[in-house]
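S.K.: This is what each chain is made of:
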Amino acid sequence: MKFALPTGRGILAVIALVGLTACVGYPDENGILDPYEPVNRQVHEINKALDSGIVRPLSEQTAAMPTELTRPFVNFADNVGLPGKALNGLLQGNVPILATNTMRFIINSTVGIGGLLDPAGAIGITEMDTDFGATLSVWGVGEGAYVELPFYGPSTERDALGRVVDFLIDPLDRVGLDVQIDYGTYVRVAGQVIERGEIGGTIDSVLYDSADSYAQARLIYLQNRRFELGETGEATGDADFVDPFEDF
Amino acid sequence: MTHSFTRRHFMGTGLALGASLGTTLGTPALAITQSAARSHVDGLVAEVNAVISSGASEAQMLRRFEQIFDRYADVPTIAAYVLGVERRNATPAQLTAFTNAYKTYVARKYGRRFREFIGGQIEVRGVRDLPRGVEVQTMAVLVGQSPFEVDFHVEDSRGRPLFFNIVIEGINMLLSERAEVLAMLDARGGDLNRLIAELPQT
Numbered sequence: 001m002k003f004a005l006p007t008g009r010g011i012l013a014v015i016a017l018v019g020l021t022a023c024v025g026y027p028d029e030n031g032i033l034d035p036y037e038p039v040n041r042q043v044h045e046i047n048k049a050l051d052s053g054i055v056r057p058l059s060e061q062t063a064a065m066p067t068e069l070t071r072p073f074v075n076f077a078d079n080v081g082l083p084g085k086a087l088n089g090l091l092q093g094n095v096p097i098l099a100t101n102t103m104r105f106i107i108n109s110t111v112g113i114g115g116l117l118d119p120a121g122a123i124g125i126t127e128m129d130t131d132f133g134a135t136l137s138v139w140g141v142g143e144g145a146y147v148e149l150p151f152y153g154p155s156t157e158r159d160a161l162g163r164v165v166d167f168l169i170d171p172l173d174r175v176g177l178d179v180q181i182d183y184g185t186y187v188r189v190a191g192q193v194i195e196r197g198e199i200g201g202t203i204d205s206v207l208y209d210s211a212d213s214y215a216q217a218r219l220i221y222l223q224n225r226r227f228e229l230g231e232t233g234e235a236t237g238d239a240d241f242v243d244p245f246e247d248f
Numbered sequence: 249m250t251h252s253f254t255r256r257h258f259m260g261t262g263l264a265l266g267a268s269l270g271t272t273l274g275t276p277a278l279a280i281t282q283s284a285a286r287s288h289v290d291g292l293v294a295e296v297n298a299v300i301s302s303g304a305s306e307a308q309m310l311r312r313f314e315q316i317f318d319r320y321a322d323v324p325t326i327a328a329y330v331l332g333v334e335r336r337n338a339t340p341a342q343l344t345a346f347t348n349a350y351k352t353y354v355a356r357k358y359g360r361r362f363r364e365f366i367g368g369q370i371e372v373r374g375v376r377d378l379p380r381g382v383e384v385q386t387m388a389v390l391v392g393q394s395p396f397e398v399d400f401h402v403e404d405s406r407g408r409p410l411f412f413n414i415v416i417e418g419i420n421m422l423l424s425e426r427a428e429v430l431a432m433l434d435a436r437g438g439d440l441n442r443l444i445a446e447l448p449q450t
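In order, the protein sequence lines correspond to chains A and B.
Quick note: the first sequence uses the numbering used here, first residue 1, plus one each step.
Quick note: the second sequence uses the numbering used here, first residue 249, plus one each step.
Everything labelled a hint here was simulated from the structure, so no lab data went into it.
Values in this document were obtained by computation on a predicted structure and should not be read as measured data.
Hints may be right or wrong, so weigh each one.
[To be verified] Pairs of lysine to aspartate or glutamate, DMTMM-like flavour, derived with a Cα cap of 20 angstroms:
id : chain 1 : residue 1 : chain 2 : residue 2
1  : B       : K357      : B       : E446
2  : A       : K48       : A       : D204
3  : B       : K357      : A       : D212
4  : B       : K357      : A       : D209
5  : A       : K48       : A       : D212
6  : B       : K357      : A       : D204
Working from the sequences, and respecting the hints, build out all of it.
M.R.: Spelled out as structure tokens, the structure:
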């Protein structure tokens, strides 16, 4: 894959596309815009079947393994994601995100044996999570409608587009070690399974204990994503405040 | 805008209904202070930590969480909120029965997850005023997890400090619970009595 920044025209086309689709319908009282709900619900059922049939059983296996064995996979997977996060920091004009993730990648790829260990974390240089969906948010692009993606799960039109762009602009091929470029994707999948095992209780309660797991996953994703992006005010006025005394 | 108009429109009926149900809807003479809200959450955190480290059986822990929830949370207000529009079709007796059933359900649902807190700690970080009440901001630092923000929304219109909402990394308990309760009601064909009967076992 070639390292290619989207051209100015490309970005404009993308913004126009998101802008157009975001005009379909109005959000409900929870700030949820879901015109694709019938399709999304079908995808949700497929994702649940994938989880209960494959991912969850695998993650139960990894959760039973000693963390000394699984942690290097998670470290390696997190580390190969850092160049992309640093690039998004640059695109956002956010120096701490750019600098922290770059430092982390350099330290862990060298002292941390290609990223298997996390010496950067030990000295307080922890990951600053971001992605191209967040970059679009910084650039003022609206969230768009809710979508549930196959395999990835809950998302929005903006975040779905962000995933595609993140894949296309990932600088790992330029800056990574051969082992990171060759095995990065596989280890990231393994890392996802391991992390599914670590936070299994939370995911199980949403997917399998909810009366409407689709609606719960949608609400939780949107609230948490808006919180991460500092966009909570858009939905409820005063950040997260809900006044139960006035809701009559 | 349309929505806030609708809310306002129902305020009148809501007040009348609330009064008939014996819920306190009047604005308190004095709003809760930040220090009162903070010490309320300090007390809650201390009690939850004590239960977690007590080494009691899960069944015993769940019962104690239910008691803590009852003392620290504004359960009638939360229960009324999560019923959403369905509250207007409920009789006062149904609402009381639902509140009791919901209390057990919530204690069990969240209590089962409290084991994840074993060995961890919750630190109070800050407070700020809300349009109603005070937000007490805490950070949960759990074993093997990245620290996450947990905010408690506290007010005292019942004459003592009580929390009426918990927000975890932006995820709002009132909103999530209302979506869930209405989905459970939907799954029972809108039969509130059936939901009341089945909720404590859910």
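S.K.: If a hint holds in the structure, say so; if it does not, say that too.
M.R.: Results for each hint:
Taken as a hint, the K357 (chain B) and E446 (chain B) pair is honoured in the structure, with Cα atoms around 14 angstroms apart against an allowance of 20 angstroms. Between the alpha carbons of K48 (chain A) and D204 (chain A) the distance comes to roughly 10 angstroms, so the proposed pair stays at or under 20 angstroms and holds. In summary, the hint linking K357 (chain B) to D212 (chain A) is supported, as the alpha carbons are separated by about 16 angstroms, within the 20 angstroms threshold. Under the criterion of a C-alpha separation no larger than 20 angstroms, the hint pairing K357 (chain B) with D209 (chain A) is consistent with the structure, at around 10 angstroms.
Of the supplied pair hints, the one linking K48 (chain A) and D212 (chain A) holds, its CA atoms being roughly 12 angstroms apart against a limit of 20 angstroms. Taken as a hint, the K357 (chain B) and D204 (chain A) pair is honoured in the structure, with Cα atoms around 12 angstroms apart against an allowance of 20 angstroms.
In this structure, none of the earlier numbered hints is contradicted; all agree with it.
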